[in-house]
Amino acid sequence: MRRSRVSLLLVAAALCLGQSGSQLVTPEIRRVGVHLGCLCGSCKNTVADCAMLECHYSKPARMKIIAMQKEGRADQAIVDQFVKDEGRRALAVPPAEGFHLLAWIAPFAVIGAGLVLIWWFVRRLRRPSETPALDARVLDRYREQIDRDISQLD
Amino acid sequence: MENIGALALLLAFCLAVYAILGSLIGKWKSKAFLVLSAERAVYSVWFLLTLSAGLLVYSLLTNDFRLSYVAGHVNRDMPWIYKFTAWWGGQEGSLLLWTWILSCYCALVVFQNRRKFRDMMPYVTATLMVTQAFFLCLITFPLSPFQVLAVGREIMAVPDGNGLNPLLQYWAMAIHPPTLYLGYVGFIVPFAFAMGSLITRQPGDAWIHTTRRWALVTWLFQSCGVLLGAGWAYAVLGWGGYWGWDPVENASLLPWITGTAFLHSVMMQEKKGMMKVWNMVLISSTFFLCILGTMLTRSGIVSSVHAFAQSPIGKYFAIFLAAHIAVVVYLILDRLEYLKSESQLESVVSRESSFLFNNLLLLASCFAVLWGTLFPVISEAVTGEKISVDAPFYNRVNVPIGLFLMLLTGVGPLIAWRRSSLDSLKRAFLWPTVAGLATIGILMGLGIRHFYALISFGLCVFVTWTVIAEFFKGAIAIGAKTGQNLAAAMVELTHRNTRRYGGYIVHLAIVFMFIGFSGAAFNLDKTIEVKPGESFRLGAWDLKVKDLQQGENPNYRWGHLVVDAWKNGAYVATLKPEKRSYRAARTDTTEVAIRRRLNEDLYINFAGVGEDGRPVVQAYVFPLVSWIWVGFVTLIFGTLICLVPSKVRLQFPKTKVLGVVTQDAPVPR
Chain A
1 MRRSRVSLLL
11 VAAALCLGQS
21 GSQLVTPEIR
31 RVGVHLGCLC
41 GSCKNTVADC
51 AMLECHYSKP
61 ARMKIIAMQK
71 EGRADQAIVD
81 QFVKDEGRRA
91 LAVPPAEGFH
101 LLAWIAPFAV
111 IGAGLVLIWW
121 FVRRLRRPSE
131 TPALDARVLD
141 RYREQIDRDI
151 SQLD
Chain B
1001 MENIGALALL
1011 LAFCLAVYAI
1021 LGSLIGKWKS
1031 KAFLVLSAER
1041 AVYSVWFLLT
1051 LSAGLLVYSL
1061 LTNDFRLSYV
1071 AGHVNRDMPW
1081 IYKFTAWWGG
1091 QEGSLLLWTW
1101 ILSCYCALVV
1111 FQNRRKFRDM
1121 MPYVTATLMV
1131 TQAFFLCLIT
1141 FPLSPFQVLA
1151 VGREIMAVPD
1161 GNGLNPLLQY
1171 WAMAIHPPTL
1181 YLGYVGFIVP
1191 FAFAMGSLIT
1201 RQPGDAWIHT
1211 TRRWALVTWL
1221 FQSCGVLLGA
1231 GWAYAVLGWG
1241 GYWGWDPVEN
1251 ASLLPWITGT
1261 AFLHSVMMQE
1271 KKGMMKVWNM
1281 VLISSTFFLC
1291 ILGTMLTRSG
1301 IVSSVHAFAQ
1311 SPIGKYFAIF
1321 LAAHIAVVVY
1331 LILDRLEYLK
1341 SESQLESVVS
1351 RESSFLFNNL
1361 LLLASCFAVL
1371 WGTLFPVISE
1381 AVTGEKISVD
1391 APFYNRVNVP
1401 IGLFLMLLTG
1411 VGPLIAWRRS
1421 SLDSLKRAFL
1431 WPTVAGLATI
1441 GILMGLGIRH
1451 FYALISFGLC
1461 VFVTWTVIAE
1471 FFKGAIAIGA
1481 KTGQNLAAAM
1491 VELTHRNTRR
1501 YGGYIVHLAI
1511 VFMFIGFSGA
1521 AFNLDKTIEV
1531 KPGESFRLGA
1541 WDLKVKDLQQ
1551 GENPNYRWGH
1561 LVVDAWKNGA
1571 YVATLKPEKR
1581 SYRAARTDTT
1591 EVAIRRRLNE
1601 DLYINFAGVG
1611 EDGRPVVQAY
1621 VFPLVSWIWV
1631 GFVTLIFGTL
1641 ICLVPSKVRL
1651 QFPKTKVLGV
1661 VTQDAPVPR
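Protein chains in written order, with the working numbering: chain A, 1 to 154; chain B, 1001 to 1669.
Hints in this document: simulated from the structure, not taken from any laboratory. Just so you know, even glycine gets a beta-carbon here, dropped at the ideal spot from N, CA and C.
Per label pair, the in silico range of CB-to-CB distance:
#	chain 1	residue 1	chain 2	residue 2	range
1	B	1537	A	112	45 to 55 Å
2	A	119	B	1646	29 to 39 Å
3	B	1437	A	117	25 to 35 Å
4	A	112	B	1569	51 to 61 Å
To give an idea of the chain B side of the interface with chain A (calculated C-beta under 8 Å), a few residues:
#	residue
5	1244
6	1345
7	1363
8	1367
9	1368
10	1386
11	1389
12	1392
Make a model of the complete structure from these sequences and hints.
Dropping the structure here:
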């Protein structure tokens, strides 16, 4: 029994060739990892969320975070170190400064522009000067028509 | 055989070009026979493309490894169904599928309208065939699926192929691409009618009435395609995510968003004669986004794990897109007079305004997704610096927009057309608002503090209340008049105005999906190495790994874990997550085991084997996620109801303000 179990495990190990070791995401790693994008090229997750077990980017990144936390570095200092090593693409979201601020502003600027457009549209379509005063006789004719139509309903 | 396939493509390309020229020259010179022959060329293109597609499928099923495409995407031991789906597993084959679906649509449109819209149809045919010719050009010249493997002048065959990517060997992936393409390609039809209407300055909204069903069916296919893709990601990729904001996923979402905006705003044109320019812009944008999405998937402009191999066709797409945008902008600007609004907006507090805000938010959401997708490219071009735009960006920007949209989904039906008085607003909003706020209060009392989740659940109740109230109010009125019971009255009500009540059911589907999305705020996960016989805990669940079993078949070897799941001390189920190793592709995949329930999914992935030989298990609890799939089915149901002709033929007399009542006018009786 023991022998067959060992052989089964070996088969499974062969199935998972190249995979070794799992990694746990502790709350401490998650706290820093949420600010860092996974640069594996396969996902759009953060280092904290990437669920690929042997991800070639997130796994070493988490190890690096653990090592720096053991050195007593602050969260921001760890993030800064990643930026120093990988460039600003290491960040999960564009930094809110310089040209990259545009990434954050543009979607809301579009909403703002849209609101202005709606305001202009509403004003244009509600222009009262285009609405003539209605003659009382015309109004009476319409009312009679409505009464006739209503009386024909069951 | 490959020669016949390639020749058929070449002939189809020539005939598509002929159909364009024949339609236009026939129309301009008033030569009816030319227009007719162009329409017959459309049928011929369909026949030739069907022949080509048939030959490619035959080659895939019979392992004709002389063809480069077959050798790259099929191996001998693959099940026949995946040999068939390999048709769209690669760049060339999927482009052939795209083109073939387009030819089916073109033939159907020409056949349906063979006696209608004789003024407009030549332009509709020409517009359709321009796109057809473009795609035929791609698969005839740079990306032919009939290229053979050769050494020098000698055609050769490899003994076995590489096989289809194992991740694609899954039932949802077998139907996801064709469904998505049916959506992508279908939006070309309303676009072509819009162009035909614009060019010929058609009076009225004939193009909208004609293409409303097309747009709806196409939108349904696009919705199914997007959601099947989400379902595939959830069940196959092993991390439980259904949406990763990948550029290719985004590419499928963009035309769906503008298509949704279009389906709403056409109501304004039909009922009020308003927003004519806007509808032209929307349907054109939807078409452009379909082409842009196809370009992003196939050109390598943005990096994505879902994209096809990088190819040089990006520049062709860019030219095609730029030319179309230029023509559409010119046509709209040149015909602005004809697109003038027929009525006025009487009040800001009206159904009309809610449509405007709905369109604004949908477009803002579309822009945010497109902006996030393209920003890394833009940033690199402008600053020379690479930048990441990952899931947190999309979530931060789109979640608030999505919640506002949800609010409008509930608010819209409560506001009357033309104008709403303060009293009627109070009456309409009181109970839904109370129900929504009460939900938030109860959830807070239960200890939930996630801000967006609270707002989302509150809005879900608000919208559900409004939708159900609409059904009840109508059904009670019909029941009082006809004596029918409530259920029969509801069916009668829906049958009388299928479009309106089908639309409400679709709104309910969106509510269900939002419930599923909101559940993500409470996900639990654990990755752990466990020996058979050991247990571990995740939330209220105790999971015991009982055994590790293994086996093989001609296509792959497999090993699966047997995991007993206990909840609060009671046995619930045995799950068997599996890991496969495909022989031909030399790739490993995971087959997750999921216990699906409406309150939560238990999701177990056999992720691999640790350094000391212990199985690695990834276990997740996804609360409420099944509501997304409930929403999916409800969405299909609601859209199908919208497609059923209404029992009462609805007329939409355009509201026209004749004038204002002066003070000396008689008091209304």
